[in-house]
Amino acid sequence: METLNVYATRLIEKKDYFTPGHRACQGCAEALAVRLVAKALGNNVIVGSATGCMEIISSPLPFTNWKVPWLHVAFENAAAVLSGAEAGYRALVRKGKRPEKGTVFLAMGGDGATTDIGFQALSGALERGHNFLYVCYDNEAYMNTGIQRSSSTPFGASTTTSPSGKFSPGQRTWKKNMAEIVVAHDVPYVATACASYPFDLMEKVQKAARTPGPAYVHILSVCPTGWRMPPNKAIWIGRLAVETGVFPLFEVVDGKYRMTHETAELKPVEEYLRPQGRFRHLTAEMIAHIQKRVAAEYDKLVAKTRL
Amino acid sequence: MGKRVGVEVSIAAADAVGMANVDVVAAYPITPQTHIVEHLSELVANGELDAEFIPVESEHSAMSVCCGSSAIGARTFTCTSSQGLALMNEIVFIAASLRLPIVMILANRSLSGPLSIWNDHTDVMSVRDCGWIQVFTETGQDVFDHVMWAFRVAEDPQVSLPVIVNMDGFILTHVIEPIEFWEPDMVRKYLPDFKPVNVLDPDKPTTVGGFGMPGIYTEAKMAQNEALIQSKSHILKAWQELGEVTGRHYQPVETYRTEGAETVFLTMGSTGDTVAMAVDELRSQGRPAGLIKLRLWRPFPFDELRRAAKDVKRIIVIDRAVSYGGPGGPVASEIRSAFYGEKKMPAVTNFICGLAGRDVTPDDYIAIYAKSEEMVTGRVRQEDYVFYGVRE
Chain R
5 METLNVYATR LIEKKDYFTP GHRACQGCAE ALAVRLVAKA LGNNVIVGSA
55 TGCMEIISSP LPFTNWKVPW LHVAFENAAA VLSGAEAGYR ALVRKGKRPE
105 KGTVFLAMGG DGATTDIGFQ ALSGALERGH NFLYVCYDNE AYMNTGIQRS
155 SSTPFGASTT TSPSGKFSPG QRTWKKNMAE IVVAHDVPYV ATACASYPFD
205 LMEKVQKAAR TPGPAYVHIL SVCPTGWRMP PNKAIWIGRL AVETGVFPLF
255 EVVDGKYRMT HETAELKPVE EYLRPQGRFR HLTAEMIAHI QKRVAAEYDK
305 LVAKTRL
Chain H
554 MGKRVGVEVS IAAADAVGMA NVDVVAAYPI TPQTHIVEHL SELVANGELD
604 AEFIPVESEH SAMSVCCGSS AIGARTFTCT SSQGLALMNE IVFIAASLRL
654 PIVMILANRS LSGPLSIWND HTDVMSVRDC GWIQVFTETG QDVFDHVMWA
704 FRVAEDPQVS LPVIVNMDGF ILTHVIEPIE FWEPDMVRKY LPDFKPVNVL
754 DPDKPTTVGG FGMPGIYTEA KMAQNEALIQ SKSHILKAWQ ELGEVTGRHY
804 QPVETYRTEG AETVFLTMGS TGDTVAMAVD ELRSQGRPAG LIKLRLWRPF
854 PFDELRRAAK DVKRIIVIDR AVSYGGPGGP VASEIRSAFY GEKKMPAVTN
904 FICGLAGRDV TPDDYIAIYA KSEEMVTGRV RQEDYVFYGV RE
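Chains as they are written, first to last, in this note's numbering: chain R, 5 to 311; chain H, 554 to 945.
What the hints contain is simulated information worked out from the structure, not anything from laboratory work. Where hints are given, some of them may not hold.
Think about it this way: if two alpha-carbon atoms lie no more than 30 Å apart in a straight line, the pair counts; the simulated DSSO-like pairs of lysine-lysine are [said to hold, decoys possible]:
(1) R/99 x H/863
(2) R/180 x R/304
(3) R/260 x R/170
(4) R/71 x H/785
(5) R/43 x R/19
(6) H/757 x R/43
(7) H/774 x R/18
(8) H/863 x H/897
(9) H/742 x H/774
(10) R/99 x H/866
(11) R/43 x R/211
(12) R/19 x H/757
(13) R/105 x H/757
(14) R/19 x R/99
(15) R/296 x R/211
(16) H/757 x R/211
(17) H/757 x R/101
(18) H/742 x R/101
(19) R/260 x R/211
(20) H/790 x R/71
(21) H/897 x R/101
(22) H/790 x H/774
(23) R/71 x H/748
(24) R/211 x R/170
(25) H/866 x H/785
(26) H/757 x R/99
(27) R/71 x R/18
(28) R/19 x R/296
(29) H/556 x R/99
(30) R/105 x H/748
(31) H/866 x R/101
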């Protein structure tokens, strides 16, 4: 890929720190997002990963896809592990045992590792104010273990533990709004992003890394395997998530909201839902129900940008 | 020689950690560990210790923070008890697998339920197989010395393993004892700067904590086991040099009046002091009693134990934990295993007592001695283990 000079890629850093040859599924937009984040941060970074797809696909001993220092300890503690690395670094620099090189500390995890099992560790690290960046790669279910629902799974999605059926609409709860929960921690930088918008994603990651104190980027990561859709449609579906208002792109800098991708008019959510097998069972009424919620949430968000 | 002061053992332990010039302390409060971390945060707040004190939101995160800070090359300490250890359990095992030289004081306390804050060894026995070096202390001085020893052993590049220093909750943590503090030059001489074998550094990228397929997992586990076994010689060397610096000589297995002893008690931790009084009394009655104290729990000191008990006919193992539905107390199981198949196999009787801080006095140990005698001579049914002192 480094030799390909076609349109957008010409403008992007060609060096990869998350290298090809990993074991992700075809069309994995999460692996793409990881690659873009790694590109955006360069080589002066220390990465702490939660257990999950991205850990499994990139570190089968004795191989690695990481050209930057990378540490995995467990599922629910990436934020705590990286806060320890950051604190250790700070202590060693202060005591003259390690040179200050402005190293960036990146913790990363999937939606399960972030919104469910690692929620407490993340909340603790944010509250303590460590100088680190947390990136959540949200593919809206436990894909690594076989598409089980998480608190980040959207309403109506059929997963292996929220299957649609005669008495079930699929997931019964609305997606947990993790970005807003992080905003409530009063941290200096929060953003949402999607690999379908690579420049926006990289810009936000760089901005987050430059921000002193905790920063958080929530990346919607299309999972063709888990979302039951063709791998070659991943980028398109990611765009539809944004264009329908299902997953708005915004950032919150020191509490100030700003939409980073505004469309004159949102597309109907049906355009986003229909191509995905996980929503195949939804009736017109349920889609209308989702449409109402998406519109209301979007308006709420836009209103915040006007404060 | 250092200055001898009367001080609460927890405070002395924290001062020892401070004198070791630790870089990161991560801890969550739990009785009876609190005085140690309180004093450490005080030392940091007063500028007496240049370290990051990370007041985490749980013990799980405490051990996780320790993994991160140790992996980046910082000297790292934490401290917990009981439920805290149970909560961090998952990461305790991983820390050893990642060969991170973290030092942890475990202020031993019983595991819930019923909820109890008092002392026994049920907490540490839950991590018997976690891969850490595990040592027991009997006095405040032991604790102080073993903080220095633990950093020295853990960070030895030939070892690079985490160390648990067990100290009995309340019986040691909350007691004021005369303790000889080390002079700064003793610390400098004994404890070199931490030079990690492997460190997270953008200039030399490494992948730590990769995923182990069946084709590599067994090899990784065998290597880890070897590392723990091999640590023994470095442990002994660190004790020998500690002796040269302080004049106090520690051993993996320590004995008290075992010359000519036919029956020995076997204890771990602060119980040893009390049992020694019982031994004195038994000896004055002309009974051939002695005491073996197991200081090193992992790696298990098989040779030293067999040597210490080579002329012994009977071992009374005092267990302060239960292996429910199993062979009795966890220590007795190890002792029986250690002697099984040996030419001279001593009879092993097992008494579970002192759970959740229940007092066990020298008189109780004398009664245990008598009961054990009855068991061995067959006057009562030979039982695998006895819960001693159960109220009827």
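Quiz item: Hey, residue 296 of chain R versus residue 211 of chain R, does the alpha-carbon distance stay inside 30 Å?
Solution: violated, 33 Å
Self-check item: Distance restraint between residue 43 of chain R and residue 211 of chain R, which requires alpha-carbon spacing of 30 Å or less
Solution: holds, 14 Å
Self-check item: Hinted pair residue 71 of chain R and residue 785 of chain H, Cα distance within 30 Å
Solution: violated, 36 Å
Quiz item: Straight-line Cα separation of residue 863 of chain H and residue 897 of chain H no greater than 30 Å?
Solution: holds, 7 Å
Quiz item: Do the alpha carbons of residue 866 of chain H and residue 785 of chain H lie within 30 Å of each other, as the hint requires?
Solution: Judged against 30 Å, a Cα distance of about 28 Å means the pair holds.
Quiz item: Within 30 Å, alpha carbon to alpha carbon, are residue 757 of chain H and residue 43 of chain R?
Solution: The given pair, whose Cα atoms are some 18 Å apart, holds under the 30 Å limit.
Quiz item: Given the hint that residue 556 of chain H pairs with residue 99 of chain R, does the C-alpha gap stay at or below 30 Å?
Solution: holds, 28 Å
Quiz prompt | Agreement of residue 757 of chain H and residue 211 of chain R with the hint, judged by alpha carbon distance not exceeding 30 Å | solution = holds, 25 Å
Quiz item: Is it true that the CA of residue 19 of chain R sits at most 30 Å from the CA of residue 296 of chain R?
Solution: Between residue 19 of chain R and residue 296 of chain R the Cα gap is close to 43 Å, so the pair fails against 30 Å, i.e. violated.
Practice problem: Please work out if residue 260 of chain R and residue 170 of chain R have their alpha carbons no farther apart than 30 Å. | Solution: violated, 44 Å
Quiz item: Does residue 757 of chain H lie within 30 Å of residue 105 of chain R when you go C-alpha to C-alpha?
Solution: holds, 14 Å
Quiz prompt | Pairwise hint evaluation, residue 19 of chain R against residue 43 of chain R, where the allowed Cα distance is 30 Å at most | solution = Given pair residue 43 of chain R, residue 19 of chain R holds - Cα atoms ~7 Å apart, limit 30 Å.
Violation of the numbered hints given earlier is confined to hints 1, 3, 4, 7, 9, 10, 14, 15, 20, 21, 24, 28, 31; the remaining hints are satisfied by the structure.
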